[in-house]
Amino acid sequence: MSGVKAFVADFGLPRIIIAVFLLALFVIAPFVGVSLTSSFINVTARFGMNGIMVLAMVPMIQSGCGLNFGLPLGVIAGLLGATLGIEFGLTGIAGFGVATLITLTLGAIFGFGYGKLLNRVKGDEMMIATYVGFSSVMLMSMAWIVLPYKSPTMIWGFAGEGLRTTISVEGFWDKILSNFLAVRIGPEFVFPTGMVLVFAICVALVWFFLHLKTGTAMTAVGSNPVYARASGIDVNRMRLVSVVLSTMLGGFGILVYQQSFGFIQLYEGPFSMAFPAVAAILIGGASVNKANMVNVFVGTFLFQGILTMTPSVINSVIKADFSEVIRVIISNGMILYALTRKTKVAR
Amino acid sequence: MKNKFKLFLIDNAVVVVFVLLIAIAIPLAGMPGKYLLQEVLTRLGRNAFLVLALLLPIMAGMGLNFGMVLGAMAGQIGLIFVSSWSIRGIPGLVLAVILATPIAVLLGYVCGSVLNKAKGREMVTGYILAFFMNGIYQLLVLYAMGSLIPIGNPELLLSRGYGIRNVVDLIGVRQSLDKVLQLTVAGIKLPIATYLVIAAMCAFIVWFKRTKLGQDMRAVGQERAVSLASGIPVERTRIIAIIISTVLAAVGQIIFLQNLGTLNTYNSHEQTGMFSIAALLIGGASVRKASIPNVIVGVVLFHLMFIVSPMAGKNLIGSAQLGEFFRQFISYGVIALSLVLFAWKRQANEDASRASLRGGASKGGAA
Chain A
148 MSGVKAFVAD FGLPRIIIAV FLLALFVIAP FVGVSLTSSF INVTARFGMN
198 GIMVLAMVPM IQSGCGLNFG LPLGVIAGLL GATLGIEFGL TGIAGFGVAT
248 LITLTLGAIF GFGYGKLLNR VKGDEMMIAT YVGFSSVMLM SMAWIVLPYK
298 SPTMIWGFAG EGLRTTISVE GFWDKILSNF LAVRIGPEFV FPTGMVLVFA
348 ICVALVWFFL HLKTGTAMTA VGSNPVYARA SGIDVNRMRL VSVVLSTMLG
398 GFGILVYQQS FGFIQLYEGP FSMAFPAVAA ILIGGASVNK ANMVNVFVGT
448 FLFQGILTMT PSVINSVIKA DFSEVIRVII SNGMILYALT RKTKVAR
Chain B
-13 MKNKFKLFLI DNAVVVVFVL LIAIAIPLAG MPGKYLLQEV LTRLGRNAFL
37 VLALLLPIMA GMGLNFGMVL GAMAGQIGLI FVSSWSIRGI PGLVLAVILA
87 TPIAVLLGYV CGSVLNKAKG REMVTGYILA FFMNGIYQLL VLYAMGSLIP
137 IGNPELLLSR GYGIRNVVDL IGVRQSLDKV LQLTVAGIKL PIATYLVIAA
187 MCAFIVWFKR TKLGQDMRAV GQERAVSLAS GIPVERTRII AIIISTVLAA
237 VGQIIFLQNL GTLNTYNSHE QTGMFSIAAL LIGGASVRKA SIPNVIVGVV
287 LFHLMFIVSP MAGKNLIGSA QLGEFFRQFI SYGVIALSLV LFAWKRQANE
337 DASRASLRGG ASKGGAA
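One line per chain: the protein sequences are A and B, in this order.
Everything in the first sequence is counted per the numbering used here, starting at 148 for the first residue and increasing by one.
Everything in the second sequence is counted per the numbering used here, starting at -13 for the first residue and increasing by one.
Only chain A is shown next, with the shape it has when bound in the complex:
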């Protein structure tokens, strides 16, 4: 009995509720006419799409910078990479490769500045990250209007100014990763092997990095900054590395998302990217200053599972679209739970 209690305390009641809720959705699904296979494939596709952005949370959580509400900054790097790639007229592997290169470079630059800033505001990172993210989204919204893009697929057709709000990547790198080695299951379902593989490789790389000397030092900084400094670790440098890494991952994450989704969303698009990623990693079992790869996998799966399953199942059961409200309550409720939990290390 005490074993169960300890498990509940350790894993957290909200997570158990969410997992049970998702399980219930899967159980109910066949009875209300929702195909289980199609649901499963949908969840897998969304899992691959969003996974890397959830992974982008890990380095900053590990180094004690908290939840990366500043993810939009990385997303902006990704948007710049994608639009520049299209502007150069590159398609296929070359296009995606160049977009990735630009994204990673810009991500590193943005991350560097962002990390320098966060190093000066220790203890208030999360709130500042949120607003730095938001204001950079608005700054870029102005830039999308003003920047001299020429490619006809991206600018407004006539009498308009600046880039379109959504840009199709069809003809450039639509589903380039998703279709790589894709396995066809049934008439309309394709398992996106390539995308899931890329996600797995990224997870493996980050896992590997966290076990290198630098990665270990980073974790030490997050667990106990005073102890880390006493043992000769440059605290600020480790935090900076983690922020750069998070931002680069965020940028690459949105590229993977776009190639599967088929569209680039500019202007206010990046606004809505941080919260789902933050909620996902927390649902996966991470806390404000501890996260690992299992949290990423479990969290992305649970969160995307709920996002995919609630609209179809709930709508068939009670004929009302609760799903948006459920999403808001679950994701913010989870973040709230993590913020109010007493963390083992007092900060």
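Hints were generated in silico from the structure; no laboratory data involved.
Bear in mind that the values here come from a model prediction, so they are computed numbers and not experimental data.
Just to be clear, a hint being listed does not mean it is correct.
Listed below are several chain B residues computed to face chain A (Cβ distance under 8 Å; list not exhaustive) [as the list claims (entries may be wrong)]: (1) 100; (2) 122; (3) 190; (4) 307; (5) 312; (6) 330.
The beta carbon of each residue, even a glycine, is placed where N, CA and C say it ideally should be.
Given chain A, put chain B in place with the hints provided.
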């Protein structure tokens, strides 16, 4: 000496920057002075009360109360009921306040208790709590109203039979407070009654600071551990500060919406928090220190910015959309800037005091 000057600049940087920005933007926008004055005076009446609601939590050391959105929701629920019963004029407003107050007290209690569990990160927690409660609010207004909760006036409901429409016309209470005592001076309309309510609120805050509870709140804001040791119920005091702030936000939202005359059921409250906080910060307040003059200066500067920036953007680059993005950028940016400056200063002070402990080595060392 040089350090003192630097600290002074950091203290007042925001106000100086905004005065400069506005000084550039006003001639660019090319709006007539009388129009600007009228707009600013109207918006002062509309918004000042909401911004005043932020003062007490700052005094209690809880930072900017992003949870004030909860109060705004309570105010809106009050207004929805009043509209559904078609109660007009001042009685309608008073009834809305009476209905909103218990809801705001309850929400404030919840908010205060949650924030007590997240000491040291109240702001981000309050911010997320506002999003969370927004979900509950939607559940209530979009699904429960008209189905579980009877709504008398079918015009308020969506065509499917339950849930409140996106826009509620507050025709019954529209500007009923503003028009009680409206003076026209040189063609400019002054909502004196609204100003009187705001002045009364200012007086209340000044008086409240001198009461035992107000003193306790300040002590808690200064140093939690010492306050606790000297017998102040810290957690209770913090909850009271948030409850008062939430109730004031509810009343403030009602004043705000009676001036506008329409309620955007699912958006009005979302902007309330951000705009009020941005206004207060532009007025020179910080996370730890805010005064009534900050509120007034902030509301005036923020709204000047708000009025002129789309036109200035249009005349400068030829795109009104650009100006719209610019003013959103400013709202977010000023909050970011002010939080950064405050955290920066605090960290600099900490480093300086640590350095002085080590024997006055003023530079280097402290990472």
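Quick rundown of the hints versus the structure:
Because the smallest distance between the Cβ of residue 100 of chain B and any Cβ of chain A comes to about 6 Å, under 8 Å, the interface hint for this residue holds. For residue 122 of chain B, the shortest C-beta to C-beta distance to chain A is roughly 7 Å, which falls under 8 Å, so the interface hint holds. Taking 8 Å as the C-beta contact cut-off toward chain A, the hint placing residue 190 of chain B at the interface is violated, the least distance being around 29 Å. Taking 8 Å as the C-beta cut-off, the interface hint given for residue 307 of chain B holds, the closest approach to chain A being about 6 Å.
Look at residue 312 of chain B: its Cβ gets to within about 6 Å of chain A, closer than 8 Å, so that hint holds up. At its closest, the beta carbon of residue 330 of chain B sits 5 Å from a beta carbon of chain A; the interface hint therefore holds under the 8 Å criterion.
Violated hint: 3 only; the structure is consistent with all others.
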